[in-house]
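These protein sequences, in sequence, are chains E and G.
Heads up: the first sequence begins at 1 in my numbering, then just goes up one per residue.
Heads up: the second sequence begins at 1 in my numbering, then just goes up one per residue.
Keep in mind that the hints were calculated from the coordinates and are not lab data.
Each hint should be verified, as a subset may be incorrect.
Each pair may be met inside one copy or between any two copies, as identical chains are not told apart.
SDA-like cross-link-like pairs, simulated, lysine to any residue; straight-line CA separation at most 25 Å [as the list claims (entries may be wrong)]:
no.	residue 1	residue 2
1	330	132
2	2	191
3	2	363
4	39	153
5	330	99
6	293	345
7	333	1
8	326	251
9	293	312
10	352	291
Number of protein chains: 2
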Amino acid sequence: MKVGVLGAGQLARMIALAGYPLGVDFIFLDPAQDACANKLGTHLHGAYDDPALLARLAELSDVVTYEFENVPADVAHFLATHTEVHPSPNALAVAQDRLVEKNYFHSVGIPTPEFAPIDSLADLTQAMESIGWPAIVKSRRMGYDGKGQALVRTPDDLPRAWEAMAGVPAVVEAFVPFDREVSIIAARNPQGEIAFYPLSENLHKGGILRVSECLDGDPMQQQAEDYVTRLLEALDYVGVLALELFQVNGQLVANEFAPRVHNSGHWTIEGAETSQFENHLRAILSLPLGSTKPVGHAAMVNFIGGLPETAEVLAIEHAHLHLYDKAPRKGRKVAHATLRAESQEQLSAKLKTLSALADRVDDS
Amino acid sequence: MKVGVLGAGQLARMIALAGYPLGVDFIFLDPAQDACANKLGTHLHGAYDDPALLARLAELSDVVTYEFENVPADVAHFLATHTEVHPSPNALAVAQDRLVEKNYFHSVGIPTPEFAPIDSLADLTQAMESIGWPAIVKSRRMGYDGKGQALVRTPDDLPRAWEAMAGVPAVVEAFVPFDREVSIIAARNPQGEIAFYPLSENLHKGGILRVSECLDGDPMQQQAEDYVTRLLEALDYVGVLALELFQVNGQLVANEFAPRVHNSGHWTIEGAETSQFENHLRAILSLPLGSTKPVGHAAMVNFIGGLPETAEVLAIEHAHLHLYDKAPRKGRKVAHATLRAESQEQLSAKLKTLSALADRVDDS
Numbered sequence: 001m002k003v004g005v006l007g008a009g010q011l012a013r014m015i016a017l018a019g020y021p022l023g024v025d026f027i028f029l030d031p032a033q034d035a036c037a038n039k040l041g042t043h044l045h046g047a048y049d050d051p052a053l054l055a056r057l058a059e060l061s062d063v064v065t066y067e068f069e070n071v072p073a074d075v076a077h078f079l080a081t082h083t084e085v086h087p088s089p090n091a092l093a094v095a096q097d098r099l100v101e102k103n104y105f106h107s108v109g110i111p112t113p114e115f116a117p118i119d120s121l122a123d124l125t126q127a128m129e130s131i132g133w134p135a136i137v138k139s140r141r142m143g144y145d146g147k148g149q150a151l152v153r154t155p156d157d158l159p160r161a162w163e164a165m166a167g168v169p170a171v172v173e174a175f176v177p178f179d180r181e182v183s184i185i186a187a188r189n190p191q192g193e194i195a196f197y198p199l200s201e202n203l204h205k206g207g208i209l210r211v212s213e214c215l216d217g218d219p220m221q222q223q224a225e226d227y228v229t230r231l232l233e234a235l236d237y238v239g240v241l242a243l244e245l246f247q248v249n250g251q252l253v254a255n256e257f258a259p260r261v262h263n264s265g266h267w268t269i270e271g272a273e274t275s276q277f278e279n280h281l282r283a284i285l286s287l288p289l290g291s292t293k294p295v296g297h298a299a300m301v302n303f304i305g306g307l308p309e310t311a312e313v314l315a316i317e318h319a320h321l322h323l324y325d326k327a328p329r330k331g332r333k334v335a336h337a338t339l340r341a342e343s344q345e346q347l348s349a350k351l352k353t354l355s356a357l358a359d360r361v362d363d364s
Numbered sequence: 001m002k003v004g005v006l007g008a009g010q011l012a013r014m015i016a017l018a019g020y021p022l023g024v025d026f027i028f029l030d031p032a033q034d035a036c037a038n039k040l041g042t043h044l045h046g047a048y049d050d051p052a053l054l055a056r057l058a059e060l061s062d063v064v065t066y067e068f069e070n071v072p073a074d075v076a077h078f079l080a081t082h083t084e085v086h087p088s089p090n091a092l093a094v095a096q097d098r099l100v101e102k103n104y105f106h107s108v109g110i111p112t113p114e115f116a117p118i119d120s121l122a123d124l125t126q127a128m129e130s131i132g133w134p135a136i137v138k139s140r141r142m143g144y145d146g147k148g149q150a151l152v153r154t155p156d157d158l159p160r161a162w163e164a165m166a167g168v169p170a171v172v173e174a175f176v177p178f179d180r181e182v183s184i185i186a187a188r189n190p191q192g193e194i195a196f197y198p199l200s201e202n203l204h205k206g207g208i209l210r211v212s213e214c215l216d217g218d219p220m221q222q223q224a225e226d227y228v229t230r231l232l233e234a235l236d237y238v239g240v241l242a243l244e245l246f247q248v249n250g251q252l253v254a255n256e257f258a259p260r261v262h263n264s265g266h267w268t269i270e271g272a273e274t275s276q277f278e279n280h281l282r283a284i285l286s287l288p289l290g291s292t293k294p295v296g297h298a299a300m301v302n303f304i305g306g307l308p309e310t311a312e313v314l315a316i317e318h319a320h321l322h323l324y325d326k327a328p329r330k331g332r333k334v335a336h337a338t339l340r341a342e343s344q345e346q347l348s349a350k351l352k353t354l355s356a357l358a359d360r361v362d363d364s
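Use the sequences and the hints to build the structure in full.
The following block contains the structure:
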């Protein structure tokens with residue numbers, strides 16, 4: 001089978017590494033000459049909306065998927081008229097606009113923080129009357145890793161927050177005093193089979209994910225599975241999806257979802273029976289889904305901006321290093337390492353060592 | 001780091017898949033245009049003894065390794081004078097000649113079945129006086145998967161057995177009425193650190209490995225570790241090595257060793273904390289070795305000659321499929337699947353299903 005991927009970054013790279021044992025060949029479309037998955041398949045080098053390259057991608061691929069959600073709607077629709085595309089252009093359209101996404105959450109019964117659409121400073125000022133302080137202004141489109149976001153604590157912050165949006169449509173949402181951030185990763189295949197991973201507990205800093213830990217048997221698992229099922233079924237979704245949630249007063253509220261494999265699921269490579277990458281492929285290739293059961297205890301640490309010494313990471317027993325073959329650059333995710341251990345105590349001890357190592361090279 | 005590999009078959013393919021997360025790039029030298037690792041690196045296409053290609057391989061690689069032991073001595077020495085080569089040409093030289101290998105075993109205190117070198121039918125006839133019946137005649141060089149071997153049960157079998165050697169130097173060895181066949185896989189790095197995997201119990205049919213099962217806590221583990229340590233240290237070995245053993249009356253005797261990753265260690269991909277492929281790379285790149293602890297229970301089944309339906313294998317919970325991207329052909333290893341399970345009972349139940357599937361497509 002031949003799978004086309006829009007994007008050839010680290011997510012595409014890990015999809016490909018999971019796909020070779022299943023006999024899958026890959027075609028990547030990516031504008032970067034040195035895109036980090038490009039050694040693992042055919043690299044179509046050019047813009048994501050280049051009609052000739054898209055036609056070539058569709059022609060070469062049995063199914064096309066994406067490693068990011070900000071795919072122009074035209075591109076997704078073009079591909080879908082020429083080959084199989086998973087997730088569907090509709091799922092992408094919902095995910096790439098925060099207003100559409102939040103309305104969609106509500107339509108299927110998933111609670112969110114309070115929010116309001118804003119198209120002007122006047123809208124924002126007025127919305128704050130009902131949202132309450134503090135709140136976050138977010139551009140409706142093209143946000144990731146905390147980009148396109150501004151926190152507002154007092155009325156004085158409003159003009160600068162609106163200016164930060166540079167005139168694009170936005171939403172303002174209540175800042176939720178959450179107890180913790182979790183995400184649930186689930187896969188659904190065309191037969192409607194759904195597989196859920198255990199919740200990940202996520203730690204962000206500066207809007208970028210730093211640490212994810214697998215929570216086996218968490219009391220919120222059931223509620224998260226209920227919410228993600230509503231979403232997967234309403235969207236008639238095929239592939240892996242990650243739903244990010246806040247836990248507030250013993251309840252989950254949705255932050256956003258990613259229609260793709262997700263950084264908070266990287267621990268599944270070593271820490272689950274089947275990784276999110278393999279299950280994404282199994283889903284889009286209409287194969288039976290693999291077991292999502294945890295294998296021991298697992299946590300993942302991102303390396304941001306700087307690379308650790310390989311030998312130093314590998315000297316940590318139970319550490320599994322994943323380099324992305326990307327040049328270090330301020331704020332850039334360049335690698336991660338997963339710890340897998342037989343006990344929580346073992347995991348926690350090693351996690352301190354690994355996190356200290358990541359902090360030392362972090363220049364974000 | 002850039003690793004050159006002589007050969008681009010399934011072993012090279014699995015080494016490469018383990019190497020990408022460590023940031024390794026690969027260069028393969030293989031005469032087959034469609035060699036199954038060739039999509040995972042630069043493929044130098046030509047004969048193993050082509051001087052220009054070998055020079056190019058050495059030039060492109062920080063270290064060169066092999067996926068098979070029958071590398072001409074000249075080639076290994078040429079490479080070793082131009083770049084780092086692991087395992088050493090000396091380890092190859094010992095492994096590729098059964099007589100040298102058996103004498104080497106004895107020199108380091110590892111017992112073997114009784115054997116004698118033979119260069120003629122007269123030698124064979126005479127040797128049988130001390131070896132005893134039945135026995136196996138084996139060519140000294142180029143044997144694998146049971147090729148170049150002939151069983152002799154009575155004096156009448158001797159002429160045909162000798163003819164089967166086609167005039168090449170051979171050895172005759174006592175046929176050992178073994179209780180079981182096991183192998184131990186170990187890795188050693190240049191610092192002298194050694195890591196041992198749990199024993200594999202191996203089932204052969206027609207000279208080809210069919211099933212390997214991880215034996216955690218086996219009573220023979222200590223003896224096997226002692227033997228393989230003698231070998232690794234005497235050879236000043238760097239990389240992964242597999243030592244195949246027979247168990248007879250509660251003792252282990254050596255059959256042969258492979259100076260490379262080995263089919264009986266494929267279960268380590270899912271069934272051990274660090275796979276044999278990753279540990280081979282860690283060793284030859286002078287990195288700390290990874291934990292070899294088993295992760296649950298694991299067994300591997302080879303697919304010989306014919307391919308199973310992907311969906312049928314993946315429908316078996318806990319089954320992990322590894323296709324080699326090789327066209328099915330009689331007697332050819334084209335894929336394997338590993339079962340990983342939390343209990344021995346769970347493993348045994350699934351192993352029956354998987355083995356039945358492998359038997360159905362087997363045309364060896």
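For each hint, the structure was consulted:
no.	hint	in the structure
1	330 to 132	neither (34 Å within a copy, 72 Å between copies)
2	2 to 191	within (20 Å within a copy, 43 Å between copies)
3	2 to 363	neither (38 Å within a copy, 28 Å between copies)
4	39 to 153	neither (47 Å within a copy, 53 Å between copies)
5	330 to 99	neither (30 Å within a copy, 59 Å between copies)
6	293 to 345	both (20 Å within a copy, 17 Å between copies)
7	333 to 1	between (30 Å within a copy, 20 Å between copies)
8	326 to 251	neither (39 Å within a copy, 51 Å between copies)
9	293 to 312	between (30 Å within a copy, 20 Å between copies)
10	352 to 291	between (29 Å within a copy, 19 Å between copies)
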